[in-house]
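Given these sequences and hints, build the entire structure.
Number of protein chains: 4
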Amino acid sequence: MASPTATLLISCPDQRGLVAKIANFIYANGGNIVHADQHTDASAGLFLTRIEWELEGFNLPREIIGPAFHAIAQPLEANWELHFSDAVPRLAIWVSRQDHCLFDLIWRQRSGEFQAEIPLIISNHPDLGAIAEQFGIDYHHIPITKETKAAQEIKELALLRQYQIDLVILAKYMQVLSADFIRQFPLIINIHHSFLPAFPGANPYHRAYARGVKIIGATAHYVTADLDEGPIIEQDVVRVSHRDSVEDLVRKGKDLERVVLARAVRLHLQNRVLVYSNRTVVFA
Amino acid sequence: MASPTATLLISCPDQRGLVAKIANFIYANGGNIVHADQHTDASAGLFLTRIEWELEGFNLPREIIGPAFHAIAQPLEANWELHFSDAVPRLAIWVSRQDHCLFDLIWRQRSGEFQAEIPLIISNHPDLGAIAEQFGIDYHHIPITKETKAAQEIKELALLRQYQIDLVILAKYMQVLSADFIRQFPLIINIHHSFLPAFPGANPYHRAYARGVKIIGATAHYVTADLDEGPIIEQDVVRVSHRDSVEDLVRKGKDLERVVLARAVRLHLQNRVLVYSNRTVVFA
Amino acid sequence: MASPTATLLISCPDQRGLVAKIANFIYANGGNIVHADQHTDASAGLFLTRIEWELEGFNLPREIIGPAFHAIAQPLEANWELHFSDAVPRLAIWVSRQDHCLFDLIWRQRSGEFQAEIPLIISNHPDLGAIAEQFGIDYHHIPITKETKAAQEIKELALLRQYQIDLVILAKYMQVLSADFIRQFPLIINIHHSFLPAFPGANPYHRAYARGVKIIGATAHYVTADLDEGPIIEQDVVRVSHRDSVEDLVRKGKDLERVVLARAVRLHLQNRVLVYSNRTVVFA
Amino acid sequence: MASPTATLLISCPDQRGLVAKIANFIYANGGNIVHADQHTDASAGLFLTRIEWELEGFNLPREIIGPAFHAIAQPLEANWELHFSDAVPRLAIWVSRQDHCLFDLIWRQRSGEFQAEIPLIISNHPDLGAIAEQFGIDYHHIPITKETKAAQEIKELALLRQYQIDLVILAKYMQVLSADFIRQFPLIINIHHSFLPAFPGANPYHRAYARGVKIIGATAHYVTADLDEGPIIEQDVVRVSHRDSVEDLVRKGKDLERVVLARAVRLHLQNRVLVYSNRTVVFA
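Residue numbers (this note's numbering), protein chains in the order written: chain V, 1 to 284; chain S, 285 to 568; chain H, 569 to 852; chain R, 853 to 1136.
No lab work stands behind these hints: they were computed from the structure. Incorrect hints may have been included.
[As the list claims (entries may be wrong)] Computed cross-link-like contacts, EDC-like style, restricted to lysine to aspartate or glutamate with a CA-CA straight-line distance of at most 16 Å:
| # | chain 1 | residue 1 | chain 2 | residue 2 |
| --- | --- | --- | --- | --- |
| 1 | H | K820 | V | E63 |
| 2 | S | K536 | R | E965 |
| 3 | H | K820 | H | D804 |
Structure follows, in structure tokens:
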């Protein structure tokens, strides 16, 4: 409904005049800024900003905005991304046996909370194929064993290319991706069922129960080659007590997992997340 | 420790080029922006921003910044405030019989969390005089009855002038200020012991208990002539259960009240709060 | 999987020996208590308890437990309910146009989080019929106007009887039920999209936005003849800021609504909720 | 104000009739139960309960209650503690340089939130002596070096005996106690400034910042010989963002630390905490 906008996500060494230079670029070309946010990490000497403006009335055609901004960005040694709000990214959801995050993501996409398409579900189990069918989404069952993993990942990469996937969402996919896979397809968001860095790896709810914690959490993060060590996008927690068994933690955790994952995906799709030094700036 | 900064809080009708014009004013005069945040309220057609820059290296002397910015602000029909980070505002804390917020505010001021002075405590009861003495703060006991209220408020206004008070904090002051008082001294933050707009007015914990709520709250807001209807700065909540008596709600509430009030005071002292149409924008 | 249990929910005037008398009844008949919780409301002079024991090894047959306990309860002037854990209550979900709570309740029932059946969906709109069909649930579209309301409620009551419904869940059903309807079918849980008693009635998110609150909430409660005044079962909240439009409040609220409603329904289905004086004791 | 009560905290192997036997003991002696709560850990085969009754009207004199209950407890192989609500435990608060928890604990004790005396403060630094003096509490400065630690701990143990201390509270005491010390004085509550098991040991806020977490926490736990591994009594969290520097985490954390520590101390003083297998049951 809203008129389309362009968004620049920029990070560069901090220096005087950055806000003015970037704002001037947009103003000089007739753009109306609808959202501008910045952050300076003094210890890293880094300036980071997100700036969004209406394309209506903007004098540069879309295909020229990037090259035009490049002329400004280069002397600033800036890293930058340009996004248009009417783009419709294509998501692949990867699952194992649990369906709560899958259901939730599909519901949000169907109800317009995510501006995205979900053409592909990949799973190492056949269990959730019926859900895929129910919603008319292609489902590829790709079982993984230690022996077949390398070969299967090649298949998976081919599928991502074939379906022109922009973002992979590991929605309780209980397999570790190889460093090589991540290098070839680096845009991956995972939901981990603990309050990282507590309980990385396997069985976090069992370990939380054993430790007798009074609060459990969930963490959505970008995937890197180090398991559960990638940049954190969003976390949330819920209170538990001695009355909660491991099964109760799992049940309460599911409510956390789906909402934390959904918030992270939405922030990413709205181009509100900037990564640097294994951290995120979230321009929410 | 940090070098002093200047901060502009600006609100004006939305239009193209505002970010650029304001950023240019600072950049052109050699300023280094350390924090910039903006908000556009599309339905109100209003642009609001907070911009903070280092005074070191800034070419305009302090006393010229205001007049110089006025030239930019006037054609934009902007409301604006200019603050310097090394200013030390003077606070008056008003209390009745409860000491938890008073203690907390004094501790935060003493420990450097607030950059402010607390030269004056006013109370309608004598009870907390000993705390004032313990910390070397002047304590004025000004009892209020229906008959004496008008006369006593005149005394109170005189004290605020005498002590050159910048901000009044109602830290569980259990009297309503008259509209006339507020007109004469409008910078007042109150802590109300409920999750407004639930339970305005008297005895919110008793009423929360009677209603059987599962969560209670506290609200810090600017005081206006309408009781508990002023712009909200900060709120927070805590879970309660059927096991909690009214006394438990009061006790749990105290922990909320002091932290919610302290956050609001700190945000105000850092010039992070902008008020419009009975709402606040908090550039946190 | 667990062996079936019996649960007594009891409230009676407080007096010495209540715990002993009730525990003895179970122990004397060979029962093993797996959960016992009690609460004394001193101001109301009321003792409330929930006690659950294994039926395996219990010497009284199911149909005798009630009459046998009646002999103990009568002299204590106790109100009590007896439930068996292997009962499968039948739920009717009432909706209007929004699907998030409906989807969520169905998912939880399908995944075993609720031990219940959902044979019936009633709506005053046709919109969600496709979801009902997708999951094989009967959908009755019963439009309501001021003129037809009385007649339509008679139809609705007939449906509840026909489908042998135990509990009605108003899952964003945007119509007020008449006092007469509630008298005839009193077991109704509603989700209200505000932190009651703030913003009862219509359009709570719009009013929360207008008031400039910093936190929004949702409330699940039993329905009584007084709109949004029934006993509260569960509430939860989420933080908002000036950046959140009314649409953002609605979106964030949906996540609250479904989880708050689901928790309340689950507590009710597990017979953990006791109502007295318009309040609930939740033996969680 | 309330009439005094007795409280039994009991844990024993689970078996039929436990609730009845314990309730009968109290009822048979004329006691009125004001609070009873129980928990069964099915996997550990353990039954745990807290039962509190009024001493007024109870037929056994205080000094006989223990021996009388012993006769019941022994065949059940029960561990148990008996406490009286009018006991006034004596606390020693241990600090280093930070004053926020100390101030808070003193304020709560002074305002009646804790039923306890605070006759002793021990510190490895002289800094907080002035606060002790202000509130009339003995302050012992006992500096610790690697070389002097063993000798100084002997002094500290002597002080605990001399002041007849019941509970040691490590209120940001930045030294590790030796296993030998803990063996000799095992009742110690510590506040750790992280959400354990995340960031045990030194500098949790710096490490939380480096990891880029979106939520920080605090944990109150009983001290054991394993650093930061003791049974957790209470935890809480607060949201942070990329805008928060390490100093902001420290500041936000202080508010958490004092409230989490205070809740844990209060729960302990009210005899609501039972420890087993390095976990706590909190009968709140």
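Against the structure, the hints:
Our distance criterion of 16 Å between C-alpha atoms is broken by K820(H) and E63(V), whose separation comes to about 35 Å. Only pairs whose Cα atoms come within 16 Å are accepted, and K536(S) paired with E965(R) is accepted, the gap being roughly 11 Å. Restraint check for K820(H) and D804(H): the C-alpha separation of about 12 Å stays at or below 16 Å, so the hint holds.
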